[in-house]
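J.: Protein chains in written order, with the UniProt record's numbering: chain A, 1 to 592; chain B, 1 to 447.
Calculated directly from the structure, the hints in this document are not laboratory data. A couple of the hints might just be wrong.
Unchecked claim - No more than 25 Å apart at the CA atoms, straight line, and that leaves these computed lysine to any residue pairs for SDA-like:
no. : chain 1 : residue 1 : chain 2 : residue 2
1   : B       : Lys120    : A       : Asp66
2   : B       : Lys129    : A       : Glu74
3   : B       : Lys144    : A       : Tyr14
4   : A       : Lys37     : B       : Arg130
5   : B       : Lys105    : A       : Glu474
6   : A       : Lys258    : B       : Lys120
7   : B       : Lys120    : A       : Val28
8   : B       : Lys129    : A       : Thr61
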Amino acid sequence: FPEMAGAEGEDSLYPIAVLIDELRNEDVQLRLNSIKKLSTIALALGVERTRTELIPFLTDTIYDEDEVLLALAEQLGNFTMLVGGPEYVHCLLPPLESLATVEETVVRDKAVESLRKISQEHSPVDLEVHFEPLVKRLASGDWFTSRTSACGLFSVCYPRVSNTVKAEIRQHFRTLCSDETPMVRRAAASKLGEFAKVLELDYVKSDIIPLFTALASDEQDSVRLLAVEACVSIATLLPQEDLETLVMSTLRQAAEDKSWRVRYMVADKFSELQKAVGPEITKNDLVPAFQNLLKDCEAEVRAAAANKVKEFCENLPEDSRETLIMSHVLPCVKELVSDTNQHVKSALASVIMGLSTILGKDNTVEHLLPLFLVQLKDECPEVRLNIISNLDCVNEVIGIRQLSQSLLPAIVELAEDAKWRVRLAIIEYMPLLAGQLGVEFFDEKLNSLCMAWLVDHVYAIREAATCNLMKLVEKFGAEWAQNTIVPKVLGMSNDPNYLHRMTTLFCIKALSEACGQEITTKHMLPVVLKMSNDQVANVRFNVAKCLQKIGPVIDSNALQAEVKPVLEKLATDQDMDVKYFAQEAISVLALA
Amino acid sequence: MEGDGGSEIKQWCLSQVKGAIDDDVTEADIISAVEFNHSGELLATGDRGGRIVIFQQEQESKTLAHSRGEYNVYSTFQSHEPEFDYLKSLEIEEKINKIRWLPQKNAAHFLLSTNDKTIKLWKISERDKRPEGYNLKEEDGRYKDPTSVTTLRVPVFQPMDLMVEASPRRVYANAHTYHINSISVNSDNETYLSADDLRINLWHLDFTDRSFNIVDIKPTNMEELTEVITASEFHPLQCNTFVYGSSKGSVRLCDMRAAALCDQHSKLFEEPEDPSARSFFSEIISSVSDVKFSHSGRYMMTRDYLTIKIWDLNMESQPVETYQVHEYLRSKLCSLYENDCIFDKFECCWSHDDSEVMTGSYNNFFRMFGRDGQAGVTLEASWESSSPRCPLRPWRVCAGSRRKEDEIGVDCLDFSRKILHTSWHPQDGIIAMATVNNLYIFQEKLN
Chain A
1 FPEMAGAEGE
11 DSLYPIAVLI
21 DELRNEDVQL
31 RLNSIKKLST
41 IALALGVERT
51 RTELIPFLTD
61 TIYDEDEVLL
71 ALAEQLGNFT
81 MLVGGPEYVH
91 CLLPPLESLA
101 TVEETVVRDK
111 AVESLRKISQ
121 EHSPVDLEVH
131 FEPLVKRLAS
141 GDWFTSRTSA
151 CGLFSVCYPR
161 VSNTVKAEIR
171 QHFRTLCSDE
181 TPMVRRAAAS
191 KLGEFAKVLE
201 LDYVKSDIIP
211 LFTALASDEQ
221 DSVRLLAVEA
231 CVSIATLLPQ
241 EDLETLVMST
251 LRQAAEDKSW
261 RVRYMVADKF
271 SELQKAVGPE
281 ITKNDLVPAF
291 QNLLKDCEAE
301 VRAAAANKVK
311 EFCENLPEDS
321 RETLIMSHVL
331 PCVKELVSDT
341 NQHVKSALAS
351 VIMGLSTILG
361 KDNTVEHLLP
371 LFLVQLKDEC
381 PEVRLNIISN
391 LDCVNEVIGI
401 RQLSQSLLPA
411 IVELAEDAKW
421 RVRLAIIEYM
431 PLLAGQLGVE
441 FFDEKLNSLC
451 MAWLVDHVYA
461 IREAATCNLM
471 KLVEKFGAEW
481 AQNTIVPKVL
491 GMSNDPNYLH
501 RMTTLFCIKA
511 LSEACGQEIT
521 TKHMLPVVLK
531 MSNDQVANVR
541 FNVAKCLQKI
551 GPVIDSNALQ
561 AEVKPVLEKL
571 ATDQDMDVKY
581 FAQEAISVLA
591 LA
Chain B
1 MEGDGGSEIK
11 QWCLSQVKGA
21 IDDDVTEADI
31 ISAVEFNHSG
41 ELLATGDRGG
51 RIVIFQQEQE
61 SKTLAHSRGE
71 YNVYSTFQSH
81 EPEFDYLKSL
91 EIEEKINKIR
101 WLPQKNAAHF
111 LLSTNDKTIK
121 LWKISERDKR
131 PEGYNLKEED
141 GRYKDPTSVT
151 TLRVPVFQPM
161 DLMVEASPRR
171 VYANAHTYHI
181 NSISVNSDNE
191 TYLSADDLRI
201 NLWHLDFTDR
211 SFNIVDIKPT
221 NMEELTEVIT
231 ASEFHPLQCN
241 TFVYGSSKGS
251 VRLCDMRAAA
261 LCDQHSKLFE
271 EPEDPSARSF
281 FSEIISSVSD
291 VKFSHSGRYM
301 MTRDYLTIKI
311 WDLNMESQPV
321 ETYQVHEYLR
331 SKLCSLYEND
341 CIFDKFECCW
351 SHDDSEVMTG
361 SYNNFFRMFG
371 RDGQAGVTLE
381 ASWESSSPRC
391 PLRPWRVCAG
401 SRRKEDEIGV
411 DCLDFSRKIL
421 HTSWHPQDGI
431 IAMATVNNLY
441 IFQEKLN
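Work out the full structure, taking the sequences as your base and the hints as a guide.
T.: Okay, here's the thing in C-alpha cells:
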C-alpha cells in the first residue's frame, strides 16, 4: 500500500480503510487478521452502519475458509454493544444463522456457542419474536447441518419463553430425536441431558423419558452410546423412587448392549452413573454390571472399566464397601492382572495401588500385594511403570519396610533388564522412587544400582544415569552427595576404560551446580585438571568442555590460578578437537 | 421375489457420449472411476491422470416424454498428483481408484476420491455473488490517492456469473501400506472405511490424523500369504455391518459391534467349489472384483471374472442367483491369462429399484440381467452403431463361424475395449459407464 502522508495525528480513516479492504484480500491470513479486528471496524463505522452495512456483508461471507468463518463466528458472539446493545442484538442472528449451517463442525459449533451467548442478551419479547423463529427455521431446515445446530439452542430459550412457545419447542425437540439422519439424532441425544435440566419435572417424565428410551434403543450404535451420557443428567434430575421405573431398565440394557462401543461408554461413564443413581441402586445393579464390564469380551471395554476400579470402589456406600470389594470386585481384578491385553493390564496398574488406602493394611498385604508383584513382573514395561509410579499410596498404608521386602527384588530385576529401554524407563523413575522411599532406604538398597548404571555399556543409559544423579542430589542435598556419590564418581577417573573416565567428566558437569562451589572446587576440580593429561584425546577435549561448564561454579582464584594454565596448555594440544574446545572454553570463561 | 413378472422388456437408448472420439488415446485420459451421487443429479468420473470431472443433469425445460435431462460438465479439477515415496523408492500414481459421494449435508456437495495411497475429501460448491467496493483502490486494482478517502466504504455482495469451485477439505494420508482398492461411506454419515490388499481402516470424516484398523489379514510371515482383500463396502442401512471380498472368491461380513478389531467375521459367504471344474485358473477367476449391497440392504452382489452372484444376507452357503456374464470366455482363459485380461476388475451395479443388475464385459459390451429369471441381454456402448432415442440392439456372442446379423464370434471380440466401471442412477433409468476414455450415458426408453 502507498504511504499515507500527512494524515497522522488526526483521526485517520486510513488504518480502518485498510482493515475493511483486507476483509476481501486474496491472502487468507490478511482476511483472518481483519476478521479478528472486526470490533475495531465496527467501532469506526458506528452502530448504525454496522447494522445496515457490515452485518449484511458478513452474512454473505460464508464462502470463506474455515479458519476465517470460525473467527467470524466467535467475534459475533461479542458484538452486542457494537450493534447498539441488547435492543438491536437480533441483527446478529442472520450471519450466525448462515454460519450454523456450514458443513464444518467446528464452525457450526462456534456459531451455536455464540448464538447461545447472545440469546441471553435478548429481552423475553425479542427472544420470542426473533430468536425462537430462528431456532424453528434451523430445526426444520432441509439439511441436517442446520437441524444439528438447532439441537444446541433449545435449552437456552426454553426457560425464558411463554408456555405456548415452550410446547412448540418440546415438539421440535421430539421431532429431531426421531430425525431420519443419524447425525441429527446424535446431536439431539447429546443435548438431551442439557435440555432435560431446563424442563419442568413433569415434562422430564412425560417427554424426556420416552425420547431417552427411544434414543437408547436406536438402530445406530453411535446414537445409543450418546444416550448413556444423557442417562447421567436425567438420573440426577429424577427423585430416587422414580429411577427404577424410568431409567434403570434402559441403563441395564445399555450395559449389556450388543455393541461394544455402547458398553465402553457405560464403563467410561461409570463413576458419574454411580453418583447419579445413588447407593442403593449401586449395590443392587451397578456392582453386577461393573463385574460384567470387567469381564467383557472386548478389551477396550475391560480397559475402560479397569480404569474406573478405584473410583468405583471409593464411591461405594461405606457400610458395605469392604464386603462388596472383597467379594465382588477383587475377584475380577485378580483375573485382569493376567489379562491377555496389555492396555487392560496397564489401565489396571495405573489405579490398582489406590485400592490399598480403601482396604487397609491387612487386606493390602494379604490380597493386593501379590497382585502388585505379578504386575511388577509383567512383560509389558508400561504395566510395571504404572505400578512403580504409584508406590507412594501403598507406602502410606503398609510402610516402607514391608514394601521394600517384596518390591525391591522386582525393581532390581527391572534395573538389570536385558532391554536397555526398560532400564532407561526405570532410571527415569528413580528420583520419584527415591523421594517416596527416603534417603535411608535409598542408600541401603538403590544407591549401588544407580552407580552401576554409570558403567552400563549403552550410552543412553549412562547419560540417563548421569542426569539421575543430578536429580538425586537436588533431592537429598550437597552433603549427601559428598558422602555417597562424589567419591564413587571421582574414583572412576582412574578406570582403564576411557568411556568410564569420560562418564566421570559428564557427571561432574551435571553435578557441579547442585553440589555448589565448595565441593566443586575442592573435590572435583583437581580430578578434572589431572585428567587433562589423559592419553585419549576424547577425554582431553571433554576436560575442556567440562571446565567450560563448571567454570562459573568455581571460585575465581582457582579459575585464574588452576583452570587457565590447563586450558592454555590444551589450546596448544596436537589434537584439533582438543584445541577447538579449549579455545572455546577460554573465550566463554573470558580467560584470554 | 421382487419384480412383477417382467412382461415387458426394457429398452435402452444412447443418450450421450463424453470424451474425445479418437483412436489415439493418451494414458492419462483413461477413465478409472464412474459414480452417480445420491440424488443422481451429479455424475463424477475420475481418470488415470488424477482428474475428476463432474457432470450435472440439466433441469428439464419441457416435460418431454422421451428424454430426461442431459448431463453437462459442471466442474473439473485435479484431485491427485503423481508423487514419489522416497522411503520405499516407489512412484505413487495419480490414478483415481474410487470415488464415493457423501450424503448431501448442505447446499454444497462432497466426495471422497482415492488413489493407491491417499484419500481426499472434496467440496464442490457454487458461488454466485462476489464482494465489490474497495476503500483504497478502484475495482480494477488501481490505487486511489489515500488522502481522498474521507468516508469508509463497506463492500457489498453483488450477483455474478455462477462459479463452481472444488476445494480440498481433508487429506487422509499415510494409513495404507498397500494399494487402496475401496472406500465406502458409513450410513452413520460420520465415518468411512478404506481397504487395501491386507487391511481395512475406519476413519472419522473430521479427523485426518488417525484411523482405526478394523481388519488385518497380514500374516506374520508374508510367505504364508494366500489371500488378499479385493473390495469392501458398508451396509447401506446398518452402520455396524460391512463386507469384504477376497481373491479366493469369498466374502466376509463383519459386525463392528462385536469387537474393535473385526478379524473374526460374523458370516462367510462362499460357494462350495465344484471339483470337476477345477483348473489352474479356478482361483484367479473366482477372485471378487466388486461387491455391492442392494439398496434395500437385503442382498449383496459380487462380481467375479465370469459371473455375477447375488447373495441373500441370511444365506451364506450359496448365492440365491448366479448370472453368467460371458461364459464363452471359459475356453479362452489361457490366452486371457497371457494378455493379463484375466486380472481385469469389473465393477457391477444395482438398478435403482434392485430389480436389475448390470456389469461390463469386453468389446465394449455390457450385460443387464433382470432378476425375474430372464436371460440377460448384451448391449454395446458404441456411438457409431447407435442413434439417439433408438433402442439398442442386443448382441449374441456365439462360438461357431456361421452367424446372423446380430451375432458376433468369440474370436472377433476386441479385448482392449472393455467396460470396467459402471454406475446406475439411484432413482432413475439412467446408466453410465466408461469405455477406455469415453463416458457413455444411456437412458431407459420410456413408453
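J.: Please name the hints from earlier in the document that this structure breaks, with their numbers sorted from lowest to highest.
T.: Violated hints: 5 and 6; rest satisfied.
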